[in-house]
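**Student:** What follows is the residue order along each chain.
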Amino acid sequence: MEKPLTSRFRSDGEPVDIAAYERAAGYEGLRKALTMQPQAVTDTVKQSNLRGRGGAGFPTGSKWSFVPMSADTPRPKYLVCNADEMEPGTFKDRVLMELDPHSLIEGMAVAAYAIQADIGYIFLRGEYRCSAKRITAALAEARERGYIGHNILGSGFSFELHLHVSAGRYICGEETALLNALEGKRAHPRTKPPFPQVSGLFGKPTIVQNVETLCNVPHIVSKGPEWFRGLSRTGDSGTKLYGVSGKVKRPGLWELPLGTTMREIIEEHAGGMRDGVRFRGLLPGGASTDFLVEQHYDTPMDYTQVQNAGSRLGTGTMVVLDDKTCPVGMVLNLEHFFAQESCGWCTPCWSGLAWIEKILTAMEQGAGKPKDLDELAFQTKFLGPGNTFCALAPGAVEPLQSALKYFGDDFRRHVDEKRCPWR
Amino acid sequence: MATIFIENEPREADSTQNLLHVLLSLGYDLPYFCWHPALGSVGACRQCAVKQFRDERDTTGKMVMACMTPATDGTRVSIKDPDAAEFRAAVIQGLMQNHPHDCPVCDEGGECHLQDMTVMTGHCSREYRFTKRTFRNQYLGPLVNHEMNRCIQCQRCVRYYREYAGGTDLNAFRLRDTVYFGRFEDGVLQNEFSGNLVEICPTGVFTDATLKRHYTRKWDLQMAPSICVHCAAGCNISLGERYETPRRVINRYNHQVNGYFLCDRGRFGYEFVSSDQRIRECLLDGQPTNATRAAGSLGKMLEDGNCIGIGSPRASLESNFALRQLVGADRFYAGVSDEEWSVTLAALDILKNGPARSPSLDEIEQSDAVLVLGEDVTNVLPLMALRLRQSVRQQPIEKANKLKIPLWLDHAVRELLQDEKGPLFIAAPYATRLDEVATDVLHAAPADLARLGFAVAHAIDAGAPPVADLSPELTDLAGKIAEALRSAKSPLVVSGSSCRSTAVVEAAAQVAWALSKVGKPAKLSFCFPESNSAGLGLMRPRPLSEAFQAARDGKADTVIILENDLFRRVGSAEASAFLKAARHVVALDQVHNPTTAAAELVLPVGTFAETDGTLVNHEGRAQRFFQALVAAGDIRTGWRWLGGDPANNGSAKTRAWHTLDEIVQAIANEMPVLAGILHAAPSRNEVGKLAREPNRYSGRTSMLANIAVSEPKPPVDVDSALAFSMESGPEAPPPALNPFFWAPGWNSIQSVNKYQAEVGGPLRGGDPGARLIDSPQTTGWSYFSEIPAVFRREGDTWLLVPCFHIFGSEELSRLAPGISELAPRPFIGLNEADAASIGVKNGELIKVAIGSSTYQIEALLRPDVPLGIALLPAGIAPVDGVSLPAPGKLAAATVHGLAQ
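As given, the protein sequences belong to chains S and W, one line each in that order. Just so we're aligned: the first sequence equals residues 1 to 423 in the numbering used here. Just so we're aligned: the second sequence equals residues 1 to 900 in the numbering used here.
Bound-form chain W, shown alone (with noise of 0.2 Å):
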């Protein structure tokens, strides 16, 4: 620490810092614009001038740019010099000098960082008078609006989009006041993250174009605090509404979590929400039936024989649980594939019993070396990929340190890093996005990856079991693995079920338990596949296939769906006869799909946008999200249907939770594994009314007159503190709690500088969240022992194995129009040499054949794909049922009797 002197007062400083970071920290409004707490100083824009002063006698001073002068001891700055006023407003003009000032039809007016800082410098008046340079505007594809005309060439967006995030096809081009930031030629954004331009741009240059297609300001929201369903990562974020629907969604920093960015599919996956597939009312028999009668037949379903229930990662604890609690814990079932649930039960095991701390987002984030096994994390789990992203220059900034070159001073320790990497080692069944930063790639079968990563283990420690049969090849990357995470100061072992083997995460966790046997606290990081995976299987369901058997012994009368297709888990063939065996189906669900078509009862279950619940993402941290909307009709939360309400079912086997806090304590109580979940966010008593609408909401009185003229009452939340309307108590909202950042003279998303007890760090109050899988295990534990095969074909068929994509692969993101458009068309990936010994070539069809069913799909030709493995895309039609991986036969497809 060092003291520094801001207008003559001394105060406490990081003295690893810099100016501007610590005058922000400090509560001091100053502005700029190059500079962000992720992305660091480059001194460009110039607008964060403050007079530095040698000591206390002098009087002159110079000019430094906050940004880039160190907080050293005795620092001595003022922010009020009226020099450095007059140049700090000096800058704005000349900013200002070709912004086209058209913030009334611009998107990010009134949230807008260049309207903020404007205002802040006190310039108001323009003396320019000559023509504007003007633009021609590209198009960057279905999420992304651009606008080269607002631009204050402040240069963050090339910097986040390609030096932080790895994307290569945005660029700066041309010179003067004339640079544009544009792609070479019209097109979509390539990177997976590149919504965060959005946010990342201070003006309304890079815009969100779902936003605009459905455009209210951010003043005219209503928000909540909200997680992300679309993967395990669970990113925290703020949802805005406008007349019952969902308007965007912006980032809600975590600094544990996801920090200042989302991937695109979280960003713009909400419009789902809003899809006409949306199931809106009760469905008895495929008519639409109201909530009473539903209610009333839920009720004699439920008493008509056996009944078993089917939960769902994708649901909140609170809807499992009520659904537990309605058939009984031994008659509730996972409802994900048997492959997925064994690996996701074995990885949770491995966290809870296992020496190996789970580590968060930002954790990953500080690892120096890093083995991922068996993901394609870009892909599953994309924020992780993005963290994963900024580790490998963990090792190469020590030089930076050695040469005493401030980290914040990011363009000079980029120059000296150049294209330095620490250690990440990536080993998946394909070729990933982030074999680009990896020190070395191997791409081969499952059985093969759980093979390597023994090896590495007993590299390790030559205590764990070696490996039979191992290639030199194999050895000799395996000892490199091992040195390198060995000599690591904070090692980290990635992976998860996406090989749907349990041998994999067994694996991996023989890594990390080596590491941490030979005396190096290694961290263990799996990708769980969905939002509440992890909640799920800390629920321990039993597994899918006893309830198949169950239908078949005839012990499964009537059967209750929760927020689950069963069809995307099995194979058709088998989803209906489960579906077919039972006297009653019940699906309730937020988007029709074939088991809710197969379904006599369909109930309505709100989307985590009308709802509130509890998700544990993939490092076990349960976070709570808070419904943004109320939702229209009979759209209930799933636990409200399933035994909250006994208005709403009439069964007497309904349990009085009247409320989430209610439900939450039940949970808690019920449930000690989940206790932790109490401390996910403050109940509704413990604080006071807390806003989602802003101070400026305007319209209120008058947003219905056009049906009635008097104000309706605004709903009453009995779930949380959130109340639906402008009015707050005096406190501010703890951070779970917080819809959206917003401070005086601070209407941008950089307003939560303001929320942090040092900018770029946790949030005043504590990063939401409670980890529910919190204590390694230092004693207990022993290897694993059962080390798979060297992988060869069997006979003549192929292994497929899934292939994930971003944009296609999650369930209910591709319902959202852009994200769909983004998703590829339905391929199957294999090497060049196992096509050609079935006559097939690249783009030509082949008759692929799973079990009882067969797909016709155009190859693609990857030269990255082991011999003997096909890739399947997961999740996307028409092979979106099938489990992967599993054996299948490979076959030139005939078209019209002929071969082609």
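Just chain S, with the same shape it has in the complex (with noise of 0.2 Å):
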């Protein structure tokens, strides 16, 4: 089984230096690609199938063919990786940056050279210090060796690529959110249209793509579009990382086929769950997607389907929930996350995700009223996707939408109980 993301990776966990990333063919997709014309690169990944692995999904050569191309589009272009990686239970992106930060960095190369921007930004997490460490090690070694800056690699094509350490909130991934951050500005969303390839980042077209997503496009370049696309065992192409945690045998990250079921990741490379659990359900892709449960054990986990199941593949970090838990405190803690993160700009997130939150506490502490279901039903549809601004709320209130329904009774022992049964 190929594992282009993860096969450069040494065991002792020290990122892969230049040296060894260019022995294992490293910078061979930038040097491919800067012989191609920028529209062949497009094409290519577009054939390839590739969606994005920020958690929406969107095809990629399609985003990048929306970036004005002509004589007179306004300078300088950009291309920011969104490497704010904050999604509860989400930490595919870090293990990328910190064992081999070149291979994100030749997947911005790339990009770069596709899109023809002059200018990247790494947008990081401020908490991930070991992977701005390493980036900033690396960034200086692609430098030197004419990876990125002034005319690379002879090619006449020029590229500054810079890390920017964020401040720190779940709604700087959001990626026009991220752009006003980036800008110095207050994290908040921003209409679309326009899109950023026309108006993103400093008013100037740009690109944003998540780490996982841009380490994959070298590769597809060197390789090719139907290695990438024979790499999956459905129709969405590619490997994907795929991460599992909760109470389950062996936690971990692994690179996959798109594709692989539930049950595989869980039985064989989770290990199952833990003695004295039981299996009730899992979020697919991060914190803020829907329930899948037993029933949907033999789910293959790719895009499409994952979403016929009722849900999303996120980022592919799975988050289990077992019978021991509550799930409503599971869903508490997620929703004062999400509550606490809200950025405040439109009415139904700020104020729904905040009464949410509190209902949720009432219910835990004992203190929930039988309406409070009907509410909270309410709350769900009331911030479902459309009525606010981003999408930061519709997917805060996928979990608990989801856990209404499969985990509705033990909503209602709470509060016939007055107090929560798993205490």
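Hints in this document: simulated from the structure, not taken from any laboratory. From a predicted model like this one, the values you see are computed outputs, not experimental measurements. Yeah, the Cβ is synthetic: ideal placement off N, Cα and C, and Gly gets one too. Check before you lean on any hint, since a few could be wrong.
In silico DSS-like links for lysine-lysine, alpha-carbon gap of 27 Å or less [claimed, not checked]:
| id | chain 1 | residue 1 | chain 2 | residue 2 |
| --- | --- | --- | --- | --- |
| 1 | S | K405 | S | K247 |
| 2 | S | K185 | W | K421 |
| 3 | W | K62 | S | K192 |
| 4 | S | K204 | W | K404 |
| 5 | S | K371 | W | K132 |
| 6 | S | K185 | W | K352 |
| 7 | W | K421 | S | K204 |
| 8 | S | K381 | S | K369 |
| 9 | S | K204 | W | K399 |
| 10 | W | K62 | S | K381 |
To give a feel for the contact side, a few chain W residues facing chain S, derived at Cβ under 7 Å [what the hints assert, rightly or not]:
| id | residue |
| --- | --- |
| 11 | G43 |
| 12 | G61 |
| 13 | M63 |
| 14 | L95 |
| 15 | F130 |
| 16 | L175 |
| 17 | D177 |
| 18 | A412 |
| 19 | M726 |
Join the two chains, each given in its own frame, into one complex according to the hints.
**Tutor:** Structure follows, in structure tokens:
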């Protein structure tokens, strides 16, 4: 089984340095891309069917094709890497950046070439100190060898790449809020349209991509789109970093073909549930996705089929709920996070999440009321897609709405018994 | 235009607009918070949700925010859709989650947009049972009160304050349901337009701190349409009264003039009306006397030899006219320094005889390249500065048009444009607030500013005379300015009388005229110094120095001074000499001042709050103000003292103007240049009775019950259709006579939507005012040829130049406590090198000798002040009487015989 994203990883936890990276065919994707027309690079990525690994799964090549490429395009154009990995339960990008930072840098150089970006930023989560250190070192190495900076490898193409360490808020992971934060403004999301490709960072054409997405790009260019499509078990191409946390025997992160089933990931890779606990459900792609439960155990974990099962692949990093953990408590923990991270811009989000948090807190404390269940149900609808300014609130209510659906009895027990039955 | 379908009914709509704008313009009620016609859409509050349908067959539809959805042709929407209605009620419920529901003790109650919108959605029962978040409030200065617990996080305040008004000291802090809108720390709001927060805030977070000190509900206010008297902008205001005291001023929308906003001087200056400096009774030789006796004395004085009159740039046309008619046109003098007067007349002649049009404030905002020559606009004509701040967006927003980003999509446009600004060049004697948005700035002496202007004109049209000995830097700058103005669609030149330099206004005119010559019709706007400077100028009184000469020649036995403190116009020695030379001095004024102190007879005159009249603003627009309250005691309108009513002065020379309409007609008959004032507002007989008091005015029958239980008959207003009553005829008031905005379901000031043909556009019935100078001359003008020489210090003197301050420089508003608190301490501003030459450091005292007077003033070292120039604060004691610019000698002051 090919594992392009993780095959260079060292076993001692140290990062792959530039010499090792080059030995393992590193920067070959960039060298090849620089011999191609930018449009051909975009076409290659388009043909590979690579979808964004940040959670939304938008086709990467299509995204690039919206960037204006004519001579009178406003400059500079920007490429921004969204490395603000703050989704609860998600740690895949951290591993990539800590263990193989050059893979991200090469991916950004190739993507920048495809869209003819002049300047790049890696917008990194503030707490990722180790990533920051290793990316900084790798950037220096890459700059010294001419992989980034002026006239890359003598091609005439120039691309400056900078690391920006975030001051730290979940909303900064929303790509347009990220752009505002990068500009030094309050991290409110922006209206779309206009999309960042047209008016992004500092009002200039901009692409924002997730770390894992970018790390795939050099491989696609080197080995071709057919190879990439062949990596997957289903219609969605490539491999995926899947993670599992919760009361499983071996929590961790694995690069597996897209479409690997939930059962296989939990049973074979995570070693199954710990002794004494039973599987009740999981959040498939970070906190802001709907619960899947036992009936979905054989779902191939790709974008399409997880959606068909009523959730989203999201970041592909699963948070497992077991039968010894209170689902209301788990959801409260998540909703507390989301309420706290609401940027305060749109009413449904700041008011609804605060209310949800208070209701769930009351339930956990035995002060829930029967009509609270109706209110929770109403709020999940009120904070639904289209009603709010950005995707934070709709994502935030996904675990709640699905918990109400699958674990409704547990909520009712909290109200009826005036206590948390798990305590 | 587009056809859109609302509840399946086809309606015509402006396709360049958003659905909220269109729906409100069509008269639909749709609640909103974060949107504002002047601020555009940002989609934050989600209150204006409607259901949009793809086509006739689509029955599901999708929820959209009306403010964020373009009104493109064929759009189908429903406001009534049950899902949309339920959603809007849920949004209100969310907004109200932390709101304290303290309406009974909230100053906004009764005119609260949040109340109105809550009622509109039908949300009334509260489900949220948890603790509300609370905040600590801040002290924001004497003008604006802060109560953050009421906040609904609509973001309007910071969007207005930062993005529109250019303020930096108010911001959003924290996140989630605890966003805090305030300053980094307690302190006075630094922006000159902070008072608009009171109206921008849809609820009671930011309220009028002056109103709070003498609070009255909107429904209990007797209101009148008025005009701000604190500068020449002529902003339309609505003044509210209760128990014979003015309670507050709010904006009275006029699309052409002030739009939605006022400056803080205009909003809060009104408290001078209640100042203890008001003259409330007649004084004869310093002793109180009654009106009949005073009038008798006036009559005798008028007959005792030659009589001359001194007019006023802060008195109405009517009062000035009455004085002029009383003393005769050839004995009627301008009540301002000759330096100011010659500049005012020059500017008026330029507007009357030249090819450049004087623009309204709205047209100023639409200008896409601007040269400001010799003005500190923010401190002299503040609203113009707010408009100029928007004008720098005109060129950059073309980029948004190119990318098809609708201009109402405010943040998208701002994100695209970032800090990009169109051309605005400012040349002034010192740094001004607008410098921060300027393309290029020059700080120079008035003569050099004029030279720059003439050089720009020459660079635009080689036919305009060249400027000799121009430095390479100024040649470059002139070229740059010329290029920017020439390539603009709608260029504008702003100047005025602040430098008291005819050369400066001529240079400004030269630039505008050169543009006209090369086929680019430019606009030319002058900042006149006071509320009726332009009006007085159009009456053409003689210069003040000639009055002084007449007194010296013994040809001025009786001097009548109308609403004017001559000690603020000329040096106190000159003013005293003049007043002493006359046998009788009669002063009519609103407030005590050195002139009234020196007068034999003092007649109390009503302020704008108590009288009616006409003022001509900077644009040449005549606008009428109407009294909100009936003056107590013997306070009368100036023109009534001077000849309106024989009973008042018993003089044979009186004229029979019994009513405002009569004197307005008399002015129109006598002075063709002012004939347009007939159209400033409808006359009394043109419209039916109009109520000054709202329908819900309470306590009418009992307000005076502590004095007498029978309800007194309301005063009769013979001057206008406005009645001191709740009773009104069936018609809506015409805009010029509309005392307040109020509509069913819309109790707040946002009810102005219902008075506009299209929201944010002109008022239905036309924006009030009549332009008196309106036809630019295309022929018969020629370039000015007198170009001043380069400024050079004369000997050991400095050129003392006035430095204006929005708070303190204006004579009346400085008597309002809130304004006076914010006035600067007296200072003399000069360059560090100049200060060093006399051995003075920042904060040390300087002895300033001007003519025969000397002052000791604190030095304020400012890098922006050109060498050889020193700034003195205009209108601020102890130098408020100094006519500037003037040469002055500076030296380090000694205190108690010791050199500092």
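**Student:** Check the structure against each numbered hint from earlier and tell me which ones fail, lowest number first.
**Tutor:** Failing hints, ascending: 6, 12 and 19.
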